Every structure is written in C-alpha cells, then in structure tokens.
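Asks: Here's the letter readout for the chains.
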Amino acid sequence: MPEDSRARIISAAFDCIARYGLSKTTVDDVARQARVSRATIYRYFPEGREQLIRDVVDWEASRFFESIGRELGGVTGSGNLLATIISLGARQLEQHQVIQTLLDTERDLLVNYLTVESRPLLDIMAAFLVPYLTDLGLPVETTAQEAAEYVGRMVISLISAPGSFDLTNEEVTSRLVETQVLGWADR
Amino acid sequence: MPSNEAKIADSALRCLSRWGAGKTTVDDIARQAGLSRATVYRCFPGGRDAIIDSAINLELTRFFETLESIADSSEELGEFLAKAMHSAWCFVSGHETIQFLLSNEPESVVTHLAFEGLEGLIAISREHLSRYLDRWLDPRTGDELAEWCTRIVVSYSVCPTEHFDVTDLRAVERFVSVFVLPGVKSRSLSELSVEVPINGNEKS
Chain A
1 MPEDSRARII SAAFDCIARY GLSKTTVDDV ARQARVSRAT IYRYFPEGRE QLIRDVVDWE
61 ASRFFESIGR ELGGVTGSGN LLATIISLGA RQLEQHQVIQ TLLDTERDLL VNYLTVESRP
121 LLDIMAAFLV PYLTDLGLPV ETTAQEAAEY VGRMVISLIS APGSFDLTNE EVTSRLVETQ
181 VLGWADR
Chain B
1001 MPSNEAKIAD SALRCLSRWG AGKTTVDDIA RQAGLSRATV YRCFPGGRDA IIDSAINLEL
1061 TRFFETLESI ADSSEELGEF LAKAMHSAWC FVSGHETIQF LLSNEPESVV THLAFEGLEG
1121 LIAISREHLS RYLDRWLDPR TGDELAEWCT RIVVSYSVCP TEHFDVTDLR AVERFVSVFV
1181 LPGVKSRSLS ELSVEVPING NEKS
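Heads up: the sequence lines are chains A and B, in that order. Residue 126 in my numbering sits at position 126 of the first sequence, with consecutive numbering throughout. Residue 1028 in my numbering sits at position 28 of the second sequence, with consecutive numbering throughout.
It is worth saying that the hints were derived from the structure and are not from the lab. Don't take each hint at face value.
[What the hints assert, rightly or not] Just the calculated beta-carbon pair ranges, DEER-fashion:
hint, chain 1, residue 1, chain 2, residue 2, range
1, B, Arg1170, A, Arg35, 49 to 59 Å
2, A, Glu141, B, Arg1140, 25 to 35 Å
3, A, Glu106, B, Arg1031, 30 to 40 Å
4, A, Asp123, B, Ser1017, 30 to 40 Å
5, A, Asp123, B, Glu1105, 17 to 27 Å
6, B, Ala1006, A, Phe165, 28 to 38 Å
7, A, Glu71, B, Ser1003, 52 to 62 Å
8, A, Arg43, B, Ser1130, 53 to 63 Å
9, A, Ser11, B, Pro1139, 43 to 53 Å
10, B, Asp1138, A, Arg91, 30 to 40 Å
11, A, Thr134, B, Ser1003, 51 to 61 Å
12, B, Pro1045, A, Thr134, 49 to 59 Å
13, B, Tyr1041, A, Arg43, 52 to 62 Å
[What the hints assert, rightly or not] Short, incomplete list of chain B residues facing chain A, as computed with Cβ under 10 Å:
hint, residue
14, Glu1119
15, Val1154
16, His1163
17, Phe1175
18, Ser1177
19, Val1178
20, Val1180
Keep in mind it's a predicted model, so treat the numbers as computed, not measured. For every residue, glycine included, the Cβ atom is placed at its ideal position computed from N, Cα and C.
Excised from the complex, chain A in its bound form (with noise of 0.2 Å):
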C-alpha cells in the first residue's frame, strides 16, 4: 500500500508539472491531483517540495531508460548497438513533450540536473548501460562502470551542447561512437 501511495504522488507530481511547468507547481496541486492531503505529501517525502521534484526526475528518467531499453528488444552489444541506443535515446527525447517544455521555458531549473545535480541522472544512466558494454571486450585497466559512467557524461554533454552533431542520425552516433565515445573498446 505504501509504495502504491508513493508512487501514485510522484506520477501525479509529474502530470502537474507537464501542466504547470516546475516552478509554479506547488506541493498543494500535487496533493490535490493525487488525492492525498498535503501530511501525506510530507510524511512520504519530509524534505519537502524538493525531494519530490528530485523524485520525480529520477522516475521520469528510469521510466525514460525502460522505454529504451524495450525498444532495443534483447540486442546484445556492439559499437553500432550503443549508436542506435544513444540516436533512439535522441529522438525520444526530442518527442518527450515534459522535457522539451521545460528546455524551452524553465532552462535554468534543468541546468542544475545537467552539471552539478547530474550525480542520480548519471547513475540511472550508467546502470542503463552498464550490461550492453559488458559484452563489448573492455580494457582491463578500466571497469564496466566507470567505462558507462564516462559515455553517460559524454551523452550528457551533447544533449547540453550539442554542437553541429545531430544525434537523431544513427550515422553522425556511430562515427561518435567509434572516434570518441567507444574508442577505447577492443574490437
């Protein structure tokens, strides 16, 4: 019951802030959608308004990851595997409504998730990738995950500045992959 009711306040959390944006949804229009009063809010989440959103985040990231990961079906690794993963990933992106209002309106909230907060985004994405590098021969001196830590930043970095490299096309993610994103796999 517990962690229906958890879960059932960080999924209206989320519908809030894709009607409201981040900075004018309060913890009253949560509790509201979710039914709950405002002393259940607090009793799941006592930091407040801030633990939540940063709850929220985390699911909507996981959920985002999942939703990858079953498009990919049960494909196992290769160099042009983690192209496809990072330009599908791209253009969910580009089709994820919550996300792009927000890039479009409320930039400065997101730049802290993207720098200094990147610390759970960065988690979420290296246990994500964690089992398609695993199969690709890593470099003794380096481990899984720190190997998924590192393309994890690096993907972190072109979604923030992405410079001149679409990463919708599957071409320009596999010359990345294979230069400087993943050339340190044996092959």
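For chain A, the structure is supplied; the task is to place chain B on it using the hints.
Replies: This is chain B only, laid out in the frame that chain A set:
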C-alpha cells in the same frame, strides 16, 4: 604594467571569491582595483556582467597559456593530454573563486557549463588548444579532440567521479590512455588518406 582591463578583471575575481556573484557590485570592483567608477564603466560599458565575463575569459586565457610549457615538454600527444587535463582539473579544484561559487552560488557558474555557455566554452577551448595540438594532429582532428577534452574536463569538474582522482597525474594518464587516445587514433586513421604518425614513432 597590467592594463586597466586586467586590473578590473582581477579585482572582480577577488570580489567574487569573497562575496559571490549576487553581492559583488561595480563599486566593490572599482575599490578593489583602486580605480574610479567612471574609469571602470569606461572600460566596461556593459557594467558588472561584462566585467565578470571578461574576468572569466582572462582566467581561461591565463590557464591555456600555462599549457605552452607543458606542450613544450611533451614528446607525445598522450603525454600532453594527460598533463594538460590534470593541470586543468587541479586548476579548477584549487581555484578559490570557482570553488566558492560552486559551493555557495552554483547558479552563477552552471550557466557557463551547459547549453550555450558550454558551447561558448568549447569554442574558446578549441581556439586555444589548436595551437598546441597542431604539433601532433591535423587541424580537423585537433579541433575535435579539443572539444572532447573540454567536455571531459567540465563534466568531471562539476560532478566528481568515484572512479579516479582527477588530481592524481598517474590516474589521469590511465584515464587518457583508456578513454581519450584510442579515439584519436581511430579517427585519424579512418579519415586521412595518408597515414599520419600520432606520436614520434608509432603508427597503429
């Protein structure tokens, strides 16, 4: 004899490390520089924000100039990259103003480290690094490598990693040899019609 611009930029850095970006005023900066408000505004009609931008650029330029002696003392590209990135990480972690702002007013710093701010930083970095990298690489490869190294330095600076100590040169050498160098080799070999030695003797 430092120019007024340099004096003002330096004094801005000192004020920032003491009071942060929010509280630092043009008056503070002028007083610290020993100049009049009028002089400061003559040099920087854009006011406080223009001064701070200039201070950032000045610090960056200074940092990149320190890479010259590192480039001179490096025989191989890998050696230069490791020492340069190590130097960059030490520079950031030891920089009073940057650390103060990251801890107390991260919003003032992160705007320069994401989106257009990061694009701008990459562009500046490319300009400065290309003159060192062209000792080893063609301009295009050098350009791309400069971009990647900037992304790497920024990423590991703002969000520390548990996997290695960026202020430990040995650890950075390992990191560069595993994650950075191989990409350079595969790029230059696949794109150039003529094989170019990456470092002194080795072609691979």
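Asks: Now look at each hint and say whether the structure bears it out.
Replies: Here is how each hint holds up against the structure:
no.: 1; hint: B/Arg1170 - A/Arg35: 49 to 59 Å; in the structure: holds, 57 Å
no.: 2; hint: A/Glu141 - B/Arg1140: 25 to 35 Å; in the structure: holds, 28 Å
no.: 3; hint: A/Glu106 - B/Arg1031: 30 to 40 Å; in the structure: holds, 37 Å
no.: 4; hint: A/Asp123 - B/Ser1017: 30 to 40 Å; in the structure: holds, 32 Å
no.: 5; hint: A/Asp123 - B/Glu1105: 17 to 27 Å; in the structure: holds, 25 Å
no.: 6; hint: B/Ala1006 - A/Phe165: 28 to 38 Å; in the structure: holds, 36 Å
no.: 7; hint: A/Glu71 - B/Ser1003: 52 to 62 Å; in the structure: holds, 57 Å
no.: 8; hint: A/Arg43 - B/Ser1130: 53 to 63 Å; in the structure: holds, 57 Å
no.: 9; hint: A/Ser11 - B/Pro1139: 43 to 53 Å; in the structure: holds, 51 Å
no.: 10; hint: B/Asp1138 - A/Arg91: 30 to 40 Å; in the structure: holds, 33 Å
no.: 11; hint: A/Thr134 - B/Ser1003: 51 to 61 Å; in the structure: holds, 56 Å
no.: 12; hint: B/Pro1045 - A/Thr134: 49 to 59 Å; in the structure: holds, 57 Å
no.: 13; hint: B/Tyr1041 - A/Arg43: 52 to 62 Å; in the structure: holds, 55 Å
no.: 14; hint: Glu1119; in the structure: holds, 5 Å
no.: 15; hint: Val1154; in the structure: holds, 7 Å
no.: 16; hint: His1163; in the structure: holds, 4 Å
no.: 17; hint: Phe1175; in the structure: holds, 9 Å
no.: 18; hint: Ser1177; in the structure: holds, 7 Å
no.: 19; hint: Val1178; in the structure: holds, 5 Å
no.: 20; hint: Val1180; in the structure: holds, 8 Å
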